[in-house]
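Novice: Letter by letter, the chains look like this.
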Amino acid sequence: METTFDSLLLGFSVALQPSVLWYAFLGCLVGTLVGMLPGIGPLAGISILLPVTYGLEPTKAIVMLAGIYYGSQYGGSTTSILMRIPGEAASVMTCIDGYAMAQKGRAGAALCIAAVGSFIAGTLSVIALTVVAPPLANFALRFGPPEYTALLVLGLIFLAYMSSTSLVRTLLMASVGLLLGTIGIDVMTGHFRYSFDIKELGDGIGIVPVAVGLFGLGEILSKASKDVTGDVIRPKLRELLPSREEWRQSAMPITRGTVLGFLIGIVPGSAHIISSFLSYAIEKRIANHPEEFGKGAVAGVAGPESANNAASTGAFVPMLALGIPTGPVTAVLIAALLLHGIPAGPMLVNEHPQVFWGFVASMYVGNLMLLALNLPLVGMFVNVLRIKYYYLYPLIIMFCIIGVYEVNNSIIDVWIMLIMGVFGYLLRKFDFDPAPLVLGLVITPTFELSLRQSLVMSSGDWTIFFQRPIAATLFAVSAILLLLAAYSAFSRRDWRAKLAEVEAADKG
Amino acid sequence: MIPLRRFLQLAGSAALAAAPQSARAQSYPSRPITIMVFVGAGGAPDIIARLIGQGLSQRIGQPVVIENRPGGGGNLSLQAVARAPADGHTLLLIATPHAINVTLYEKLNVNVIRDIAPVASINNDSFVMLVNPSSPVKSVAEFIVHAKSNPGKVNLTSSGNGNLTHLSGELFRMASGIDLVHVPYRNTPAALTALMAGDVHVIFDALPSAMPHVKAGSLRPLGVTAPARVKALPDVPSISDTVPGYAVTGWLGIGAPHGTPAEIIAKLNKDINAVVSDPEIAARLASFGSDPFTSTPASFGKLIAAETEKWEKVVRFAGLKIE
Numbered sequence: 001m002e003t004t005f006d007s008l009l010l011g012f013s014v015a016l017q018p019s020v021l022w023y024a025f026l027g028c029l030v031g032t033l034v035g036m037l038p039g040i041g042p043l044a045g046i047s048i049l050l051p052v053t054y055g056l057e058p059t060k061a062i063v064m065l066a067g068i069y070y071g072s073q074y075g076g077s078t079t080s081i082l083m084r085i086p087g088e089a090a091s092v093m094t095c096i097d098g099y100a101m102a103q104k105g106r107a108g109a110a111l112c113i114a115a116v117g118s119f120i121a122g123t124l125s126v127i128a129l130t131v132v133a134p135p136l137a138n139f140a141l142r143f144g145p146p147e148y149t150a151l152l153v154l155g156l157i158f159l160a161y162m163s164s165t166s167l168v169r170t171l172l173m174a175s176v177g178l179l180l181g182t183i184g185i186d187v188m189t190g191h192f193r194y195s196f197d198i199k200e201l202g203d204g205i206g207i208v209p210v211a212v213g214l215f216g217l218g219e220i221l222s223k224a225s226k227d228v229t230g231d232v233i234r235p236k237l238r239e240l241l242p243s244r245e246e247w248r249q250s251a252m253p254i255t256r257g258t259v260l261g262f263l264i265g266i267v268p269g270s271a272h273i274i275s276s277f278l279s280y281a282i283e284k285r286i287a288n289h290p291e292e293f294g295k296g297a298v299a300g301v302a303g304p305e306s307a308n309n310a311a312s313t314g315a316f317v318p319m320l321a322l323g324i325p326t327g328p329v330t331a332v333l334i335a336a337l338l339l340h341g342i343p344a345g346p347m348l349v350n351e352h353p354q355v356f357w358g359f360v361a362s363m364y365v366g367n368l369m370l371l372a373l374n375l376p377l378v379g380m381f382v383n384v385l386r387i388k389y390y391y392l393y394p395l396i397i398m399f400c401i402i403g404v405y406e407v408n409n410s411i412i413d414v415w416i417m418l419i420m421g422v423f424g425y426l427l428r429k430f431d432f433d434p435a436p437l438v439l440g441l442v443i444t445p446t447f448e449l450s451l452r453q454s455l456v457m458s459s460g461d462w463t464i465f466f467q468r469p470i471a472a473t474l475f476a477v478s479a480i481l482l483l484l485a486a487y488s489a490f491s492r493r494d495w496r497a498k499l500a501e502v503e504a505a506d507k508g
Numbered sequence: 001m002i003p004l005r006r007f008l009q010l011a012g013s014a015a016l017a018a019a020p021q022s023a024r025a026q027s028y029p030s031r032p033i034t035i036m037v038f039v040g041a042g043g044a045p046d047i048i049a050r051l052i053g054q055g056l057s058q059r060i061g062q063p064v065v066i067e068n069r070p071g072g073g074g075n076l077s078l079q080a081v082a083r084a085p086a087d088g089h090t091l092l093l094i095a096t097p098h099a100i101n102v103t104l105y106e107k108l109n110v111n112v113i114r115d116i117a118p119v120a121s122i123n124n125d126s127f128v129m130l131v132n133p134s135s136p137v138k139s140v141a142e143f144i145v146h147a148k149s150n151p152g153k154v155n156l157t158s159s160g161n162g163n164l165t166h167l168s169g170e171l172f173r174m175a176s177g178i179d180l181v182h183v184p185y186r187n188t189p190a191a192l193t194a195l196m197a198g199d200v201h202v203i204f205d206a207l208p209s210a211m212p213h214v215k216a217g218s219l220r221p222l223g224v225t226a227p228a229r230v231k232a233l234p235d236v237p238s239i240s241d242t243v244p245g246y247a248v249t250g251w252l253g254i255g256a257p258h259g260t261p262a263e264i265i266a267k268l269n270k271d272i273n274a275v276v277s278d279p280e281i282a283a284r285l286a287s288f289g290s291d292p293f294t295s296t297p298a299s300f301g302k303l304i305a306a307e308t309e310k311w312e313k314v315v316r317f318a319g320l321k322i323e
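Chains as they are written, first to last, in our numbering: chain Z, 1 to 508; chain F, 1 to 323.
The following block holds chain Z by itself, in its conformation from the complex (with noise of 0.2 Å):
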């Protein structure tokens, strides 16, 4: 413990020279940025840096590639909160609740509560990170294909509380998902699957193009087909802050939704972004009034948002202890630093100290930062919502596309967009909720790969899942759950059943 904090000392000191805290600053900033232009997530723009510090030296480089990383998960959430756009697939959630709250002229409070509730999310996981980073890499590596396969059954049983629409709606825009994630190259066989010879859908179909496509562009068709002329939101001054209540229902939230995302940050794998996705299903699975998520539940943007940037965090624990990316994004990272001659991995800490925890020190600091850069930005954001819809509106389809185009360099994903737009629009017409479709596309193809591997290790034997621990115990949870849910459907009414109602009677 004593030479953890002797160790810390030394990363401050390295981190709080003025010309590594300049690097920090910068990376948070273009951080930021790149987490709200559409389209242009972390990777996309760590990718376009990575060649701009090649003349760095390297605790610099790293630093501010970093900050890019966490910083875009607090941009993230502003254009999810005030248009309806996920800046990235990981703020996907904060569009349902987010821009609710921004319609009834809560935006400011939404964005406060999301930049605060980043920031504890961010500066625990930063504390964890410090404390327990080895123990827990070895809990990562236990993670395998078996583990992957209960994870994301729980992630589907979740799927069904992730929308404010019924039943049938959700699982039927769950199915769609699902479908969608099908699409592309079998990875165990090495066949195509429903690619039509467009070489691109090999690949599959990436999840940030339809995110802005149903989300954004679906909204934004919605509204230009609707009346409203002049009917933009004016928030006043003094509704910019979040009122007491507020506060009190983020609170709870924020700290399940940094334990969660933290302990699923850590896990190898593209799990991470399915964070802010069960964070929220979590929300509203325990709250008092589950049918005020969808019309603007605080939670449902103080869970997610701190959700996901705790994970950014918890995914450099497995990188900087073991040398294992979690992502793609720690893997540009490791190779960033592999490009200055130092090999990222158990060595790390010993040979390069000052790199590890200056790294260590300066996210601490950078937490700080971005919290100073986003609250008193939020009046300023809040006003791009006084800007007339027939000037917005086209600006924003505008880098939605030059956005989807820069992550792939690929004409395909901007025709997704703009079909998943079309999509999206009808859908909003006919009242069905997207976020459901989104969490099938992201865990379609890791489930089909984590299941069959498992199969294969196991030479076809089905009982490998629960001879392991932690798969068994996730299926445990998931059969608890199962069999709640079955309890309270049929005891007694639950709410979505009154939906069903609702819904019905409307055609009527």
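Taking lysine to any residue pairs in the SDA-like style, the calculated list, with each CA pair at most 25 Å apart, reads: (1) Lys-199(Z) to Glu-106(F); (2) Lys-107(F) to Ser-195(Z); (3) Lys-321(F) to Ser-195(Z); (4) Lys-199(Z) to Val-65(F).
Derived CB-CB ranges, DEER-like: (5) Asn-350(Z) to Ala-274(F): 36 to 42 Å; (6) Arg-285(Z) to Gln-58(F): 55 to 61 Å; (7) Thr-189(Z) to Ile-113(F): 25 to 31 Å; (8) Asp-179(F) to Leu-156(Z): 33 to 39 Å.
The set of hints was computed from the structure by calculation and includes no laboratory data.
Think of the CB as a built atom: it goes at the ideal place given N, C-alpha and C, for glycine as much as any other residue.
Go by the hints and put chain F onto chain Z.
Specialist: Then chain F, alone, in the frame of chain Z:
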């Protein structure tokens, strides 16, 4: 309109004062050169392409932009270059997958031999056969015995169906006559993680990504795939000592669209060879465990053709096909 990516790069370089560039006016290149890379930013080939691109840009006085076109098993980058104007301003990072794909893909409208003119080679990468350090197996011979006594229970992992990490294993299976069950992962880090966790049993991975784990002792090397020992791992024998004739080398090089004028190719070959031989860059490549080598366009072309033939046999043996 300047693409956003380039704008950000230029703005970024300006802000951070990038490496000095000597500008020499010449008819070629008249504008920035793009090298299309078949992996995303951060992969070993991407790092090497960026190193070469940096050196090349200092020599020819034009910026060299690395454009990542991952996907389609390398075919998307190939297609983009094959369709670009043959004026030497759009180049391809050619690699072993492009030679494998000639046989692997059922329907392929682009083909590295037909559509790409070889320009220069960059490096050879040995692969290394790795097992978990807790495995009882300590040598290639012991591994073969172990696999023969546990048929159907030893899992070979790879970073994806039909790529070099997979085919190196299939070639080993073919040459040693053992039985291995293939469990593919989506990328190299995921496969290495699974190996460290003990979920799978063996991988043939390229040295650049394997080296940190070998040095840290989190993975045990059994043998290198190069025909002889390599400098980066002097204590590790060559697999061919135990399995005669077994050899796998990954290589990288630069190609241009078919029909690029010979004088442009000759100029690029001279410059790239000079970059690859630059002691600083050679040392950098060596630090990844990579072995730089230069060649003429013609001999590089021969290498691509020979590799295409070699992997055709392995792909047919393993019964692989992507359709």
